[in-house]
Every structure is written in structure tokens, then in C-alpha cells.
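Can you make the complete structure from the sequences, with help from the hints?
One-letter residues, chain by chain:
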Amino acid sequence: MDGVKINLKVNGQDISREVDARLLLSDFIRENLLLTGTHIGCEHGVCGACTIHVNGDPVRSCLMLAVQADGCEVKTVESLIQENGDLNHLQQAFSDNHALQCGFCTPGFLMTVSSFLEENSNPCEAEIRKCISGNLCRCTGYSNIIKAVKQAAQTVSN
Amino acid sequence: MIPLLNMRLSTPKYIIDIGRVGGLSYIHADGESLVIGALTKHRDIEKSKLVKEKCPLLSEAIRWVGHEQIRNRGTVGGSIAHGDPSAELPCVLTALRGEIVLADENGEEIVSPEEFFLTYMLTSLQPDQLVKEIRFPIIKPASGSAFVEVARRHGDFGLVEVAAVVDLSEEGSFSEVKLAIGGVNSIPTALEDVERLLFGKEPNEELFKKASDLTMELVEPESDLHGTAEYRRELSGTMVIRALKKATIRAQGGRVM
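In order, the protein sequences belong to chains A and B.
Using our numbering, you'd call the opening residue of the first sequence number 1236 and step up by one each time.
Using our numbering, you'd call the opening residue of the second sequence number 29 and step up by one each time.
Be aware that one or more of the hints could be misleading.
[Claimed, not checked] Derived list of chain B stretches under chain A, where covered just means 3 residues or more per stretch with a C-beta under 8 angstroms from a C-beta of chain A:
| # | segment |
| --- | --- |
| 1 | 95–107 |
| 2 | 172–183 |
[Unchecked claim] One-sided and incomplete, this derived list gives chain B residues near chain A with beta-carbon spacing under 7 angstroms:
| # | residue |
| --- | --- |
| 3 | Ile30 |
| 4 | Pro31 |
| 5 | Asn34 |
[Stated by the list, open to error] Here are some chain B residues the structure puts well away from chain A; computed CB gaps all over 10 angstroms:
| # | residue |
| --- | --- |
| 6 | Asp58 |
| 7 | Ser76 |
| 8 | Asp241 |
Hints in this document: simulated from the structure, not taken from any laboratory.
Since the structure is predicted, the reported quantities are computational estimates derived from the model, not experimental observations.
Where is the CB? At the ideal position from N, CA and C, for every residue including glycine.
In C-alpha cells:
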């Protein structure tokens, strides 16, 4: 099959590649761009592990084809780290509160929550629970994730 | 559609992405309908003040469609064309007796949900047609509407969902009832017999019980991993009562969560 040329911006960098039309965006990110922070869990939009931002909105990268991201601005979990290499406030909050154990789901949670906190910097617990309802975690029981989100929100408002 | 491809349930030779076709993403009121372009994202409907004002039933139902990450990409046309009998938007459209505008190179055709939904994941859409627009009838300010759903977890496929719109006469009896159920038959189904049963009568517990019993007789659910047919039948009855009560209280001017 002939490749399709796509141009997009990933984590601020302009990217131009030729891809198969059938390639998923999640596979493109991991296998072509070698940004393996984005994890692939269920591959049908249920688990949320592959959540990334496309034009600022959190979406499932396993439910998009790479060619559909042509011309889009994509952000993956790799975009969160600070320039000096330190964890950003949200990542630090996850670390401080033991909001991850095996870490498989974490990139999806971080991307979901980071866009949520941009829109709502002072969420109540119910709003946080609703926000993360589209992401599955089998280790933490979610309580520590909620604590981490609260801490991150406080850090921002301070 | 991508889950079907990922799970190899569907292996089409060609896929045409209409995502970038211009001019198919819009929401506006036109006469008696709220007209929504096929490529309008779920999230746009969720945030729309116009939808909340003209068709609160749709605003209430849209929050049950997947999760935010899904609603940021998913479209109203996609939800309708997918033909999933447990999906929220087909149920709402069926309850309201809305219209689906199909287009092909020769022109446009308007079909009813009844004509469009054939069976599980199968619609009357032909290979050379696309869903262009969905028309949701505007709900009168005095009407009460409600969308209720039970799913294993919020965002999962609904086990049973019911959409209801009721109007009350000055004496307080039902002057119009629109009721549809999803998740229990092979297509979203308007409960016409139940609507007729309720028409002209005064809302009370006894009447709701009758509506519930009749619903349980009418539905033909199947068993799957998430619930047995018997469970879904019982749930159908319960959900009809919940939807009717909520819609009735709203029509009486009350507020319910």
C-alpha cells in the first residue's frame, strides 16, 4: 500500500512522515516517533491509557488513525516534563501521593488530568472523580490519584 | 468504528474519512426542529446552550455517551449511523420521532428512525449515502423530559436506557407522552402501547406500575456477559417508572437531579 504523507506538530516539534493509511495514531506515536510514554491498553477506547491531547483536547489515540492527525497539534505525556528535567507539578503530585504503582495507566491519567486542571483549577472531589472516570487503574484504588489531583490543583492556585 | 477495526470484527477494503468535509458541523434551531450537522462533536452538543434550551433531553443524554475523551472526537452522525441499539442518541431520536437527513450525489432523503434502524448495528444507509443532518424536534418549555440509564460503569454501554417527554393538561393528566427504550431490543424502540396507556390519565403510582408492567411484556432483551435477559426485562420496567416520574415532576415545574 502506498504511504500517505502527514505533517503534524508533536510536543512542539514539526514532524513530517509517510505512513500507512491503516496505522493507528497510538502506534505511530510509539513505533514511528519512539515516544513510548503513551501506553496502549485495550485498543478500543475503554481503558484510557493511550490518552493524548489533539489540538488541546484529551482524546484516545487508539481510536484515531495517524492520517487523521495530519495538520494537528499533538501532545503526549513526554510534553509534561519541565525543561530542566524535573517532574512538573502534576507528575510530582502523583509521585508524592503514591498515585501509581505499576504505572501502566499513569500517562493516560496525567494527560486527562492536565487538560482538566487547565479548565477547572479548583475542582471538588466529585468533579475529579468524574474527570478520571474514563481512565482505568487496577493498582491504586483511585484514592491516591484523587489526592494527587487535589495537590496539583492546590500547587497551581498557590 | 475504530474498535471494530482494531478487533478485526470489520475489515473494509476502503475507508473514506469524512471528518474534514466542511459545513457539516452546526447546531441551529429551524422551525420546530433543532438541526444538527452530522459532524458535530458530542462535546459541542454537551456545551451548547441552545441544545439545553430547545432539547434538554438531548443535553441530559449526551453526558452518557462514553467519556470526555470519546466525546471530544465522536460525532452525532457517527452515533446515529453506527446503529448500536444501546446507544443514547438513537434512543433520544426515536423517542422524539426525529428525522435523519441522508445525502448522496443525487440529492437528499429524509427518513424516520423507524425506517433507518434495521437491527443490531445495521441501518438502511446505502454504500453511496452519508448521514448529513439529524433533526431533533424542539421540546416545548412546558413539557417535562428525562433520560435515564443504567450501565455497569458510567461511560460503559448502557444496559437499559429510557427517554421520556410528557405534557400535562390543565387538569394535570397526560396530554402527550413520548417514550423510547434502548438496550433491550435489536433497535431503539418507541413504546407506543405504553404511550397510549398513559394518554389522558392522571399520573400516579398505580398508573406508572401499569406502564412498567406493559413495558416488561413488550421488550425482548437478550442475555450477555453484563446481564441476563430477565434482569434487563425487570430493569426496563423500573427505568420506565424512573423516567416517567422525573419527566412528570419537571412538567409540573419541579426540579430533579
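Evaluation of the provided hints:
Only residues whose beta carbon comes within less than 8 angstroms of a beta carbon in chain A count, and the segment 95–107 of chain B has 6; three or more means the coverage holds. Given a C-beta distance limit of less than 8 angstroms, the hint that chain A covers the segment 172–183 of chain B holds, as 3 residues qualify and 3 suffice. At a threshold of 7 angstroms, the smallest CB-CB gap from B:Ile30 to chain A is about 5 angstroms, leaving the interface hint in force. The interface hint given for B:Pro31 is met, as the beta carbon of that residue sits about 4 angstroms from the closest beta carbon of chain A, less than 7 angstroms.
Interface restraint check: B:Asn34 against chain A, minimum CB-CB distance 5 angstroms, threshold 7 angstroms, status holds. At the 10 angstroms boundary, the C-beta of B:Asp58 stays outside the reach of chain A, the nearest C-beta of that chain being 28 angstroms off. Against the 10 angstroms criterion, B:Ser76 stays outside the reach of chain A, whose nearest CB is about 16 angstroms from its own CB. The beta carbon of B:Asp241 is kept farther than 10 angstroms from every beta carbon of chain A, the shortest such distance being approximately 34 angstroms.
In summary, the structure agrees with every hint in the numbered list given earlier.
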